[in-house]
Structures are given as structure tokens and as C-alpha cells.
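K.L.:
Position chain B relative to chain A; hints supplied.
Sequence lines, in order, name chains A and B. First residue of the first sequence: 0, per numbering that gives the first Met the number 0; consecutive thereafter. First residue of the second sequence: 0, per numbering that gives the first Met the number 0; consecutive thereafter.
If you're looking for bench data, these hints aren't it; they were derived computationally from the structure. There may be inaccurate statements among the hints.
[Unchecked claim] Below, a sample of chain B positions facing chain A; criterion: calculated Cβ distance under 10 Å:
1) 60
2) 95
3) 100
[Said to hold, decoys possible] Once the Cα atoms are required to be at most 25 Å apart in a straight line, the calculated BS3-like pairs of lysine-lysine come out as:
4) 39/A <-> 194/A
5) 245/B <-> 55/A
6) 3/B <-> 48/A
Yeah, the Cβ is synthetic: ideal placement off N, Cα and C, and Gly gets one too.
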Amino acid sequence: MNKFNATVRSDILKMIHNAKSGHPGGSLSCVEILSVLYNKILNIPVEWKNSPNFEKRDRFILSKGHASAALYSVLARKGFFPAEELMTFRKLGTRLQGHPSTRTKLEGIEVSTGSLGQGLSMAVGVAQALKLNNNPARVYALLGDGEMQEGSVWEALMSASHKMLDNLTIIIDKNNLQIDGGVDDVKSLEPLDKKLEAFGWHVSVVDGHNEEEIECALKNAAKSDKLCAIIANTIKGKGVSFMEDNAGWHGKAPNDDELKRALEELNA
Amino acid sequence: MLKKELEVKSPRAAYGETLVELGAQNKDVVVLDADLSCSTQTCKFQKAYPERFFNSGIAEQDMMCTAAGLATEGKIPFVSTFAMFATARCLDQIRNSICYPKLNVKIVATHGGITVGEDGASHQALEDVSYMRSLPDMTVIVPADYNEVKQVIKYASEIHGPVYVRLARTNLKTVFDESEYVFNPEKAVKIKEGSDVTLITNGETLTEVISCANMLQNDGIGAEVLHVPVVKPFFAAGDIIESVKKTGIAITVENHSIIGGLGSAVCEVLSENLPARVLRIGTPDCFGQSGEQRELMDFYGLTDEKLYKTINRYLGKK
Chain A
0 MNKFNATVRS
10 DILKMIHNAK
20 SGHPGGSLSC
30 VEILSVLYNK
40 ILNIPVEWKN
50 SPNFEKRDRF
60 ILSKGHASAA
70 LYSVLARKGF
80 FPAEELMTFR
90 KLGTRLQGHP
100 STRTKLEGIE
110 VSTGSLGQGL
120 SMAVGVAQAL
130 KLNNNPARVY
140 ALLGDGEMQE
150 GSVWEALMSA
160 SHKMLDNLTI
170 IIDKNNLQID
180 GGVDDVKSLE
190 PLDKKLEAFG
200 WHVSVVDGHN
210 EEEIECALKN
220 AAKSDKLCAI
230 IANTIKGKGV
240 SFMEDNAGWH
250 GKAPNDDELK
260 RALEELNA
Chain B
0 MLKKELEVKS
10 PRAAYGETLV
20 ELGAQNKDVV
30 VLDADLSCST
40 QTCKFQKAYP
50 ERFFNSGIAE
60 QDMMCTAAGL
70 ATEGKIPFVS
80 TFAMFATARC
90 LDQIRNSICY
100 PKLNVKIVAT
110 HGGITVGEDG
120 ASHQALEDVS
130 YMRSLPDMTV
140 IVPADYNEVK
150 QVIKYASEIH
160 GPVYVRLART
170 NLKTVFDESE
180 YVFNPEKAVK
190 IKEGSDVTLI
200 TNGETLTEVI
210 SCANMLQNDG
220 IGAEVLHVPV
230 VKPFFAAGDI
240 IESVKKTGIA
250 ITVENHSIIG
260 GLGSAVCEVL
270 SENLPARVLR
280 IGTPDCFGQS
290 GEQRELMDFY
300 GLTDEKLYKT
310 INRYLGKK
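The following block holds chain A by itself, in its conformation from the complex (with noise of 0.2 Å):
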């Protein structure tokens, strides 16, 4: 593990048992995912709105907003806002909300999510509105695999094919888990690379920790006059051995000796 998303595993660890809640699993499973698209392809200004390119930059969107503490650890470590704020996570009047919202003004956060299904919609419509103005950037949603099972994320991949929105890329962190067990066994998926080509998207599926896979995808998917898809296999928890593939992890703080035993992990 390279030492960027070394220090993200550790950020997110020591966010959540600081805020005695949040959710380490799905936060650690999009590290490689984050980690990729910020240090390789995402063009976005770190002085966000100060910027002269602030209009030009790409968008991404969170759509699986309990993953916050990965997100805010990435924006922090790359400069958006001081690193120090990242232990006011979860805390009262804090910037770093459990799930992400523009309404504290925090550098780097698009949109609001948090309630699973909408953040795809909303990258539609920000695609949308990019091309009405002309405007190359690109947009770029994350979504959970679990989060798929919500109807309206189904809704929104008929519209951005239906539409031809070749300005977007998502990217779904397929862990494999949800909050009450695996998500074959709660309300299975599959086949869902045949799902998503037969929504009219053009499929590449890639191991989501390895970052030149993940890197590979996204630039062929921005090459690419078509609507592009990649489905990133994760381990839920990845990085600490007690958190990895266990569903119990999803929304559970780590208490100290946990965290602890994680960051050694980390170090090792």
C-alpha cells in the first residue's frame, strides 16, 4: 500500500473512533478508487472556488455519501482544506458532517448525500447542464453496490443513456456487503455487468485496489464516446485484517485497542 492511501486508511480510522461513529468499511474499501482519481485524473482546483478554473474543473459526486470519511481525508491530504479539521468529524457545528453537505461550505464537496439513490441523478444533471453551456469538464460518480438496489439509481442510468451523456463515468465500489449481510443474500445484483449493458452502458470491470487498473478504466472511459461504467471489486474494511469482508464493520466505530491494532497494521 503506498503511503497516500496509507495515510487515508489511518485518517479514517482515527476520524470514526474520535466521532465514536461513522463507517470504516465502506470508507476503506474506496480508498484505491479516491485515491486514483484525485491524484491522476480528476482536474479540480485544491482553492475550489478561488480558483480562476473553478468553472472548468471535473465534478465528482459521492453518491455513497456514508463514505465521507474517506472523501474528507483525500480532500484534506491533497490541500483543499487544513488537515487539522479532519478530527471535527461528526462533531457539533463541524464542517464535516456525517455525510457530505455544501451547506457548511467545506472545499471540495459538490453536492449533498447521504440518502442512498440520488447522487446519480444529480451527476445527470450537472452533466446536463455542462453541455448546455459548453463546458468540457467531465463528471464522475461513486456509487455502493448496495446503494444500486434503490430504484432510482436504475431511473438515472435509463436517463444518461437515454440522453448520450458521454461527459459522465461511475464508478461502483462492489464490496459485496451492506449493512445486514452480503448483498447477494439481502437482494442479489447479478448479473449486474449484463444489468448496466443492457441500461445501455458500456462496462470495464477492474480490481478496486489495484490503481493501475483503476486508472486504465477511467482514462479509456474519458476517451471514450461512450457511456462508460466500471465496476471496481473491493474488499469491505480493506487494509485492517479484522475489518476486511465483514459486514459488522459497515457503520461501527472501532474502540481504542481496535484502533490500535489497525494502525499497526497499517504501519506494517
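P.N.:
Same frame as chain A, now just chain B:
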């Protein structure tokens, strides 16, 4: 201010026509509909500006969040469908993706109230004002006629933030003179002076209440009639308190459930400022049913004659 000859015109047509005007003035105005563009009259905008019209198909939740995305980028989306589907179906989307980020989305819903008619309870939104009124930062407006709708739609486009405008399906008598009436969101419109009872209404029940007040006048009962189109923020609170100080009794009339709408707003304001008797007239805590528009108005006690009887009974007069 009031028209002498009451011609019957469609508030929905007023909406469609005003959208076309706004579209010409501001290229950021965009319109979304969910397969009801002829009913809601957004088809007029579609014809004029097809590139700025988005038909979401029968997918209202996707439509609301798409509008949120468009507003995020500086567009001014007008979103339309029937009031039932615009509100009840999309409450989470409106709350979390439009109101919470305080986005500049204008939801103009048609077919509010019992007068949807023959389609019955599944299509009769009797709770929509209640839902929308409870959302932080939402402005809620229930205009009364063609001429007021035109001004309300323009007003909605000029203020920043989410707005819910509720329109009736029914073609309505035009109450307000287009050359004299100026919509003022901050005031109740005093239609008639009176000192015995305050009648507070909005939307399509306004003409019924005016007619009822005239019937009461013939019996020597002076009813003050206040039209309150803006239900939230409740700017008219002061005007209502002032009137009820004089009359001592408030009666609210609305084509909506008595729970959560105009009647509730009046009760909230009076109970905190000027405890007074309030009779809420609207649909009771129930679902609607099929029937002709006029039959339904009569069945639920919203016609001028039924209002006259109910109010007389309440005042202990007859």
C-alpha cells in the same frame, strides 16, 4: 383590484405561457417534466425551447435530483408533474437533494386538491402543502387565479432557493384584474372588509369564499376575507392577527387536508400570539374519491353554499 367580469381561465395555461416568457428572458431557465407535459402545460416551453426541456419519463425521483444537479450548475429548473407525484413520491429527494443544499429548484405542481376529479384518491393530493410546508427553506405558494399564477411564477424565478407552487387542475374564475393586481408575497390580500369573522383562504377556494362572504353579508354578518397565497414563509401572520383582533374568530378554507396546510399555519400563529377560535374547513383526515369536480367540492363542503351553511352553523346563527 378585483375583476368585475369573472372570466374562466386555466391557471395551468398561465404557467405554461409564463414559462415561455421566462425562457426568452433568461437562458438559464430549464424545464423538466415526467410525461405529463400537456397536462402541466410545460409542453409550451418544450415547443419554444426544446434544447432546454427535459422529459424524465415516468421517473419523478430521478427528475427531482436531475433538477438539483442542474441547479448546482446555476440553471433555474422548473419541475412539473401532478402534485401527488411531485411531493409524496419525491419527498426524500426534495428534502435531501433540493432543500438541504438550498438549491434554486422551482417545483410547480398541478392537479392539487380534490378537484382532480374522476381519477380519484390515488391522484388527489390533499397533503402536499403539509409535506412541503414542513421542509426547511422551502417557500410554498398557492395562487388563486390565472393572473396571479403569472405573477407567482415570475416571482418564483426571481427569488433564490426552492419554491413549491401548487396549481389546480380546474379552470378558475379570474378574481384579480391583470392591470391592477400586484402580487405581494409579504401581505395577505384583503378582499373584503368585515368585523364579525375572518375568512382565510387561498387557491381555488378563493372564489367560493368571496361568494360565501357575500351571502353572509346579506344576513348581516360581516366577514373579512383574506387571501393568503404564500403559506410559507408565513409573511401574512401579522395581517391575520390584526384581522382576528377585530373579529375574534378565524375560519380557514382550503382545497387540502385540514392537517398541515393553511388551516394549521393559521392555528400555529394564533395560538402563539392571539389565542382565538379557529374553524378549519378542508378535506377531513381522509382520502378523496372519484366524482365530478363540482360534486366533490360539494361533498367535501367547499362550495360557497356549503361554506355558508357550515359557517352559519359554527357561528350559531342558523
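K.L.:
For which of the previously enumerated hints does the structure constitute a violation, in increasing order of number?
P.N.:
4, 5 and 6
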